[in-house]
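Undergrad: The opening residue of the sequence shown carries number 9 in the numbering used here; numbering runs sequentially from there.
For the record, the hints were derived by calculation from the structure and aren't laboratory data. Just so you know, these numbers come straight off a predicted model, no measurement behind them. Don't take every hint at face value.
Claimed, not checked - Below, computed lysine to any residue pairings styled on SDA-like, alpha-carbon distance capped at 20 angstroms: (1) Lys88 / Asp35; (2) Lys88 / Leu24; (3) Lys44 / Thr30; (4) Lys88 / Leu52; (5) Lys44 / Leu99; (6) Lys88 / Asn31; (7) Lys88 / Arg38; (8) Lys88 / Ala53; (9) Lys88 / Tyr23; (10) Lys88 / Ile54; (11) Lys88 / Arg26; (12) Lys88 / Gly49; (13) Lys44 / Ala103; (14) Lys44 / Arg102; (15) Lys44 / Val105; (16) Lys44 / Ala108; (17) Lys88 / Leu99; (18) Lys44 / Ile91; (19) Lys88 / Arg40; (20) Lys88 / Leu43; (21) Lys88 / Ala59; (22) Lys88 / Ile32; (23) Lys88 / Arg25; (24) Lys44 / Gly93; (25) Lys88 / Leu77; (26) Lys44 / Val98; (27) Lys88 / Pro29; (28) Lys88 / Gly42; (29) Lys44 / Ile54; (30) Lys88 / Pro55; (31) Lys88 / Thr30; (32) Lys88 / Asn76; (33) Lys44 / Pro94; (34) Lys88 / Val98.
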Amino acid sequence: MIRLLWALSAHARYYLRRYMPTNIALDAIRTRRGLKWGIPGMLLAIPYFLAANYCITLIEEGRPGWLNLLVLLFCWNALKFLIMGPVSVVLLVRARVQEAVARHRTSGLPKTTSPTSVAVSRVLVARDQCVSFLDPGVLPGIMVSDMDH
9 MIRLLWALSA HARYYLRRYM PTNIALDAIR TRRGLKWGIP GMLLAIPYFL AANYCITLIE
69 EGRPGWLNLL VLLFCWNALK FLIMGPVSVV LLVRARVQEA VARHRTSGLP KTTSPTSVAV
129 SRVLVARDQC VSFLDPGVLP GIMVSDMDH
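Turn these sequences into a full structure, and let the hints guide you.
TA: So this is what it looks like as structure tokens:
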């Protein structure tokens, strides 16, 4: 029974994640290219809060109670966008720091376009860093004198 409930909730989550517009927009914001849209995306919370306010007004005038579900849905979507703004700033800062570190690490590498030569250069840089910590003379199977060229 629990396994069935687990499977149903997993399928429901997949469906909502894949096809609901707010989830699609938030997934796009979470990509590296979309992180810059987190703060402007917070503005999308305004129409959701306005729609929730309108539904509350209708409920107070005596309209059907099921509009409370729409109020809940609108508020939930607005909060998702409000929270995504600061989260995207943190993710963007983290991504830029990682890119700067990677750029700094590869700044001493020769400028080539061949993927093989870039990989070899990275191995050489890593090897040079390892050699400085080892006893001068021997690496497993490689002599330090072999690595100088």
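Undergrad: Does the alpha-carbon distance linking Lys88 and Asn76 stay inside the 20 angstroms limit?
TA: holds, 18 angstroms
Undergrad: Do the alpha carbons of Lys88 and Asp35 lie within 20 angstroms of each other, as the hint requires?
TA: Distance ~11 angstroms between Lys88 and Asp35 Cα, so the pair holds.
Undergrad: For the pair supplied as a hint, Lys44 and Ala108, confirm whether the alpha-carbon distance does not exceed 20 angstroms.
TA: Distance ~17 angstroms between Lys44 and Ala108 Cα, so the pair holds.
Undergrad: Does the alpha-carbon distance linking Lys88 and Arg40 stay inside the 20 angstroms limit?
TA: Given pair Lys88, Arg40 holds - Cα atoms ~19 angstroms apart, limit 20 angstroms.
Undergrad: Lys88 and Gly49: Cα distance at most 20 angstroms?
TA: holds, 10 angstroms
Undergrad: Taking 20 angstroms as the top limit, are the C-alpha atoms of Lys88 and Leu99 close enough?
TA: Holds, because 16 angstroms separates the two Cα atoms, which is no more than 20 angstroms.
Undergrad: Hint check: Lys44 vs Gly93, CA-CA at most 20 angstroms. Holds or violated?
TA: Given that 20 angstroms is the threshold and the Cα spacing comes to 9 angstroms, the pair holds.
Undergrad: Straight-line Cα separation of Lys88 and Ala59 no greater than 20 angstroms?
TA: holds, 15 angstroms
Undergrad: Is it true that the CA of Lys88 sits at most 20 angstroms from the CA of Pro55?
TA: Distance of about 13 angstroms is within 20 angstroms: holds.
Undergrad: Verify the proposed pairing of Lys88 with Thr30, using a straight-line Cα cut of 20 angstroms.
TA: Roughly 8 angstroms between the alpha carbons, so the hint for Lys88 and Thr30 holds.
Undergrad: Check the hint pairing Lys44 with Ile54 against an upper bound of 20 angstroms on the C-alpha distance.
TA: Answer holds: Lys44 to Ile54 is near 19 angstroms, not above 20 angstroms.
Undergrad: Taking only the CA atoms, is the gap from Lys88 to Arg38 under or equal to 20 angstroms?
TA: holds, 12 angstroms
Violated hints are absent here; each numbered hint is respected by the structure.
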